[in-house]
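**Student:** If you want the building blocks of each chain, they are given just below.
2 protein chains.
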Amino acid sequence: MITNSTPDMTKYPDLTFGSLRVGDKFVLGKHLMAREEVIAFARRFDPQPFHLSDEAAAEHAVFKRMAASGWHTAAVMNILVGPFYERTSIKGLAGGGVEKLVWVQPVYADDMLYMDMEISEIRRSKSKPHLGFITMRVQAHNQDDELVSHMLITGAFETGI
Amino acid sequence: MITNSTPDMTKYPDLTFGSLRVGDKFVLGKHLMAREEVIAFARRFDPQPFHLSDEAAAEHAVFKRMAASGWHTAAVMNILVGPFYERTSIKGLAGGGVEKLVWVQPVYADDMLYMDMEISEIRRSKSKPHLGFITMRVQAHNQDDELVSHMLITGAFETGI
Chain V
1 MITNSTPDMT KYPDLTFGSL RVGDKFVLGK HLMAREEVIA FARRFDPQPF HLSDEAAAEH
61 AVFKRMAASG WHTAAVMNIL VGPFYERTSI KGLAGGGVEK LVWVQPVYAD DMLYMDMEIS
121 EIRRSKSKPH LGFITMRVQA HNQDDELVSH MLITGAFETG I
Chain F
162 MITNSTPDMT KYPDLTFGSL RVGDKFVLGK HLMAREEVIA FARRFDPQPF HLSDEAAAEH
222 AVFKRMAASG WHTAAVMNIL VGPFYERTSI KGLAGGGVEK LVWVQPVYAD DMLYMDMEIS
282 EIRRSKSKPH LGFITMRVQA HNQDDELVSH MLITGAFETG I
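Protein chains in written order, with my numbering: chain V, 1 to 161; chain F, 162 to 322.
Worth double-checking, as some hints may not be accurate.
With a straight-line Cα cutoff of 30 angstroms, these simulated BS3-like cross-link-like pairs (lysine-lysine) come out [said to hold, decoys possible]: (1) F:Lys186 <-> F:Lys252; (2) F:Lys289 <-> F:Lys191; (3) F:Lys289 <-> F:Lys261; (4) F:Lys191 <-> F:Lys261; (5) V:Lys100 <-> F:Lys289; (6) F:Lys225 <-> V:Lys100; (7) V:Lys64 <-> F:Lys252; (8) V:Lys91 <-> F:Lys252; (9) V:Lys128 <-> F:Lys261.
These are calculated hints, taken from the structure and not from any lab test.
Bound-form chain V, shown alone:
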């Protein structure tokens, strides 16, 4: 279904909610921002001219050529988070929210994005000990190793208790 994504394949079968630590870092994988996907996303969700053709982008103050919608990049940064937890023994329940999402550099059509993440915060619900929250800083770098976007997201997880 998601043909442009390649998740990292490292398995962490012993990693549980209880053994995860703030500062732990993980490679998520990569995603090709294929030109046709950039256009398809923009058509449906962000139809500004500079997301739809190189010609229109050439007149833009920031973009030199057709650039992906920042919301496309955000969705792509999230794609490999779920599959990461499937490679662990931590069971995800739902996305909780986003504390920060920054678009640092334009993402251009056919860029390859490399995603990794670092654990920023871990907490257990006081009233529901079986429920916990993990805050992650997810980063995307392009093929030139430039940081293009980062976000701080929180998800709800089973603590295993």
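Here the structure of chain V is known, so what remains is to put chain F in place on it, guided by the hints.
**Tutor:** Chain F alone, transformed into the frame defined by chain V:
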């Protein structure tokens, strides 16, 4: 292209960067979270079972039936921001980032979302006076008038100087 969105039609021809005020509120319009769009987004960007069928969602702790990806809702909340500024005399340059994005309630297939926004902060660049930044709180309510999501986003604009 975006067949499910209906922007508000009110025009603000006299509204400029200089006359916009913190606390100003605007109706953005509405967007139907059509079932086929919910599935199409999830297939490509967030293929968790509860975003793809009612049957899989029935087993989920939070969702009662097929729910839209939170990233789909976020993209939809952004769709009508650009068209709003086109109804004013304020010229947008680029999205700047997201300070907060909260998913309050599930968004279900075929929900109608009503978007509005309030101006939270306005500032001019000190080094480049022709450039300014507007921070907006965008909200989405469903057809039952429940707040389903809100976000605080900042965009770069021409100040007209």
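**Student:** Please work out if lysine 128 of chain V and lysine 261 of chain F have their alpha carbons no farther apart than 30 angstroms.
**Tutor:** holds, 25 angstroms
**Student:** Is lysine 186 of chain F close enough to lysine 252 of chain F, meaning Cα to Cα at most 30 angstroms?
**Tutor:** Within the cut-off at roughly 18 angstroms; holds.
**Student:** Take the C-alpha atoms of lysine 64 of chain V and lysine 252 of chain F, compute the straight-line distance between them, and say whether it is at most 30 angstroms.
**Tutor:** Given pair lysine 64 of chain V, lysine 252 of chain F holds - Cα atoms ~19 angstroms apart, limit 30 angstroms.
**Student:** Straight-line Cα separation of lysine 100 of chain V and lysine 289 of chain F no greater than 30 angstroms?
**Tutor:** Cα-Cα ~25 angstroms, so holds.
**Student:** Is lysine 289 of chain F within 30 angstroms of lysine 261 of chain F, Cα to Cα?
**Tutor:** Holds: lysine 289 of chain F and lysine 261 of chain F sit about 26 angstroms apart, inside 30 angstroms.
**Student:** Just to be careful, I want the Cα atoms of lysine 289 of chain F and lysine 191 of chain F compared with a cutoff of 30 angstroms; is the pair within it?
**Tutor:** violated, 35 angstroms
**Student:** Taking 30 angstroms as the top limit, are the C-alpha atoms of lysine 191 of chain F and lysine 261 of chain F close enough?
**Tutor:** holds, 21 angstroms
**Student:** Quick one, are lysine 225 of chain F and lysine 100 of chain V close enough, alpha carbons at most 30 angstroms?
**Tutor:** holds, 29 angstroms
**Student:** Tell me if the straight-line CA distance from lysine 91 of chain V to lysine 252 of chain F falls inside 30 angstroms.
**Tutor:** violated, 45 angstroms
Hint check: violations occur at hints 2, 8; the rest are consistent with the structure.
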